[in-house]
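Now for the letters of each chain:
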Amino acid sequence: MKISFSQEKSYPFLLDEQIPFLIGNYIEDSCVSISHLRKTTDLLTNIDITKVNGIPLAKRRKAFIRHVKHLSEQLEEIALDKINVNDSILNLISELEHLKLSIIEKSKTNLTPFPTKKEKKEIVINSLKSEKRMQYPILPISSINTNNTAYFKSLNEGKHKSFKALQKIKGIKSRKEMAVIFKKLSYTGSAPKIRTYALDLDDEWSLKWGDEVHTDVAASRIFAAIGYDIDHPYCYKNGKLMLIFDGSRSINNWEQLRDSIYEIYATDLEPFFLEEGIVNQKMAVENNELSCYVGNNYVKFIKCGIEARPDRVKRLGTFLPDQLYNHKRLELRGALLLHAFIGNWDTRKENTLLTTVHDGNYNYYVSAVFSDLGTSFGVSYSILCADFKVGLVNEFPWEVAIKKKNNVCLKHPINEFPISYSSIDYNDLRWMAKLISQLDSLTLRKCLSKAKWPYPIEELFFNKLASRRASIISSFDLIDPNPIEYDRNINIEENGEIIVKNGKLIVDYKIEENPESFISKKGRKRNYGY
Amino acid sequence: MGIRKIFLVLLLLPLFQSFGQGVETQRKFAFPQSVTIQDFVTNTENLSEFKSHYHSLNLYYDLYLDNENKDLYNMGYSLRFRKRIINDSIVSYTFQLKDEISFEKDIRMEVEEKELDFYRVKDEGEWIRLPDVLDKIFNLYSTLSSKPDSNLFFHQLKLIEKWIKIKANGSIAPFQRLRYIDSLTFDQNKIKSLKPILIGTSFRKRGHIYVDSVYTTAEKLPFNRKNRNKTPDFFKLNTNYNWLFESSIDNSTFIYLKNNKSVKIKEYEVENKFINAQKGLDLLKKYEEIMVKRLGLHIKYDSKYHQSIQLLQ
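Protein sequences, first through last, are from chains A and B. Residue numbers for the first sequence, in the numbering used here: 1 to 530. Residue numbers for the second sequence, in the numbering used here: 531 to 843.
Possibly wrong hints are sitting among the right ones.
For lysine to any residue, the following SDA-like pairs were computed, each having C-alpha atoms within a straight-line distance of at most 25 Å [to be verified]:
#	chain 1	residue 1	chain 2	residue 2
1	B	K809	A	D246
2	B	K695	A	E77
3	B	K695	A	D81
4	A	K452	A	P271
5	B	K666	A	E73
6	A	K108	A	K184
7	A	K282	B	S743
8	B	K766	A	N288
It is worth saying that the hints were derived from the structure and are not from the lab.
Go ahead and model the full structure; you've got the sequences and the hints to work with.
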């Protein structure tokens, strides 16, 4: 059977390269095959199917099942009507296949939640060899572009507002002061975190401590400003976030929390502690939502981060950068330069997500998310000491791209090279360089200010980001549409004390307020320890 | 309950529990003939520490499916389409598979296809929404009362049969579960043989059963806090009340489509809604004792479907 299509229209999932695969697996006599379709749909929606190829299947939430059923029902009617397949039908099948493969990948990841010895070795090798691998011969310029897909949405204006726009779509309700309810301990990841509920118990929040509470916020906002979907992290300081223990969980007070976190993550939360107490009537009068929790223990922190897990968004597995020809997507290939721009080290595919988003009216769409971008803005990793730390402003170089002979070289280590990053060329990077050049001073300032770094640190990061941006623009011979001034020898003084000298942070700035430290390279060994 | 059934329940129980859905813990009581519904409401409003707040009057239309041999009935299952009309305003449709409870088994399996709006069936070249087909069936049933024999009525039933035949091997939750329970007994051909056999209506008075904060503290019970969508308005307004169960007083009529015989069933059901399943079960047992001792109610186990077929076939 020969079917040929021309992709004149843009589709969220379908790529030309996928067509033979989809036709081979879902199409019979130019029509959708119900039996093939049902094999996939049953795997994704039948809660009695608990294994795939001997591996326990990842949890499929109700909303996900509903989404798959919506999708498959459209395709079943197409099959029953014996409609000849076209691009739009193939796109629906491609979406279904993405959902299936993402769940299967998630199931595999669940088997080994922590990197194996072999993977840790690869992380080291990739980090060490990054600079050598990231040299790109300059090619004749081709004006490639991408349409809007599930992976990327182009933004024309209001780039600094895109994070908030996504927040609104997902129904995320962040406030200046937050109160959350302890749900359960977490056992994954390298930085300490727990799972909590919002007061209305509708949405969940992941509560975190440590070196990523600033970096994750700035990094996610910069990715959003370019056009990518992201996680929604927020930084809370000076007790603006209250963690309440409702008395019915395994952990019911601050001491138990501190000890459990130490046991799991080998991290002492004591330096992050601000105060503990009991929710009282006065607090309930000021915030009516607390009235259910009068008499319960609470704790507040000097500094912490929370990341939204809204009810409307269901997280699946990786967004499959190495499968279904997704490495051919310009928007994924070009993302390497954006990782380099913010200095993100952890580019493993586990840090990408496919999500189904409920628009609030029983309609669903799928969105690819760049997750866990916090390992950025100055990363220190030590092979000998098996240590790892992020957000170290002095480790964040002033330049990220340089033009050397006939190459553009990226000076940035990453710990994994998905096919999309290992197969890119100059023009892929140039496409992203153009997008980065469109980030103006206001956008960068807004993204950084939400991270709530202390003023000298924020200012130093701003100057460094502006300088890195300039290095990208000049390496790709672009005209800067929004030149941003920066000073590589910036000096910042506070109350007579020199904090930043010649573009370098020289004091461990207000360590009581910033227990993670912006200078000390002592980090965490969990997950990345060798 | 046969050994085969007990084995199946033991096999499936951990699965149901691990999913945290697809099961319900409930008690059924035969409603005394001598008591009016209004008297029963008054009697149950304040029973020792258990208080009842009756909040809505619902109307349910049910269309039960089985095959000629009544395989579902014989194996202790019931499969129905249900249309709910809540307080004369909110309408919803669902497709449910349930099993029977018994003296030995507190937990009842409940597998639901909760949203039927996007399912359609083709009638003379035109796609028709499944809820529209069900609406026609239930409307005709209401107007034709105890003798639903119009051609239109039976044509709509045929459309339901058609939908079942097409979806027998599809991703419809009750069919998925039937195939899983026993792929030989309930292979897709057996599922294809299912058709509407019983239709009926139930007027259901629904209530929340709760205890107050004094009892909650004295008994060291956790507060049953659920998210906004799952918390009834009554408990949003009365935060000192601790929600334990949902109750319903059912006044139902069913017609066996084969012979047009009808049966009336009046019963009281209580379903555990407490956050802690085991504590909820203990409280349910306590409530059950009060209902039996003080109000003289009798516990019963058979579902409405089981009772109807027993009486009508």
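Checked hints:
1. K809/B to D246/A: Holds, at about 17 Å.
2. K695/B to E77/A: The hint holds at about 14 Å.
3. K695/B to D81/A: Roughly 16 Å between the alpha carbons, so the hint for K695/B and D81/A holds.
4. K452/A to P271/A: holds, 18 Å
5. K666/B to E73/A: holds, 22 Å
6. K108/A to K184/A: holds, 23 Å
7. K282/A to S743/B: Answer holds: K282/A to S743/B is near 20 Å, not above 25 Å.
8. K766/B to N288/A: Given that 25 Å is the threshold and the Cα spacing comes to 12 Å, the pair holds.
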